[in-house]
Amino acid sequence: AQKVTQAQTEISVVEKEDVTLDCVYETRDTTYYLFWYKQPPSGELVFLIRRNSFDEQNEISGRYSWNFQKSTSSFNFTITASQVVDSAVYFCALSEARRQAGTALIFGKGTTLSVSS
Amino acid sequence: KAGVTQTPRYLIKTRGQQVTLSCSPISGHRSVSWYQQTPGQGLQFLFEYFSETQRNKGNFPGRFSGRQFSNSRSEMNVSTLELGDSALYLCASSLGQEDNEQFFGPGTRLTVL
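Quick note, the sequences are listed as chains Y and V, same order.
When we follow my numbering, the leftmost residue of the first sequence carries the number 17, and every step to the right adds one.
When we follow my numbering, the leftmost residue of the second sequence carries the number 109, and every step to the right adds one.
Derived from the structure by calculation, the hints contain no laboratory data.
Computed from a predicted model, the values in this text were never measured in an experiment.
Note that beta-carbon positions come from the ideal geometry of N, C-alpha and C, so glycine has one too.
Warning: the hint list may mix true and false statements.
One side only, chain Y facing chain V, incomplete, derived with CB under 10 Å [unchecked claim]:
1) Y48
2) Y49
3) Y53
4) Q55
5) S58
6) E60
7) V62
8) T119
9) A120
10) G126
11) S130
12) V131
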């Protein structure tokens, strides 16, 4: 069975601190895709990144970086020098890659990040 | 390019009623997926439609159904509403491949009294 676990329910930091959001996944597929989404208070999920199971290169986008490690089935997300605007709920998600499986996303429970000034 | 739109944004119904939610995907997207978000269960996949056919379905009772039209717009219907159906219903559109990012709409907040 496929599963995504975000063990951190809530994290509170002060502006300019670095913060890492953990994501651990389970799947029997050899080909799969991992995603991170951000949900601000407005409610709309915003796509942040996609990774396929064959690409373990870390990625950096501005203050955001992602660390994908197949050996530990983890896909962690780090925000450097956090800002108040980063306050949101962050979701890690997994999708299968079997033909005709469609695009169903399996989400973790989410991590609520609060950044105070 | 217009994003995913969902109507209505808010809805209040009573137990036993039925409700229809609508989703208009991004132009050119043929896949529409529906998700239910509740504080207890989090985000759960309901079903996906691609080219007017249901391609994938989550573990929800038959009271939850949907359809997709030839212009890719999709509707979701919930019959015989229960209190537990109160949730944020999110619609997502994509090109339809499993590695495509899904673009989400603002959601419909359904409250069942």
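For each hint, the structure was consulted:
1. Y48: Holds: closest Cβ of chain V sits about 9 Å from Y:Y48, inside 10 Å.
2. Y49: 5 Å, holds
3. Y53: This interface hint holds because 8 Å falls under the 10 Å limit.
4. Q55: 9 Å, holds
5. S58: Holds. Min distance 7 Å.
6. E60: Because about 5 Å separates Y:E60 from the closest Cβ in chain V, which is inside the 10 Å limit, the hint holds.
7. V62: 8 Å, holds
8. T119: Given a least distance of 6 Å, the restraint on Y:T119 holds.
9. A120: At about 5 Å, which falls below the 10 Å cut-off, the nearest Cβ of chain V leaves the hint on Y:A120 intact, so it holds.
10. G126: 6 Å, holds
11. S130: Violated: closest Cβ of chain V sits about 17 Å from Y:S130, beyond 10 Å.
12. V131: This interface hint is violated because 22 Å lies over the 10 Å limit.
The structure fails to meet hints 11, 12 from the earlier list, while all remaining hints are met.
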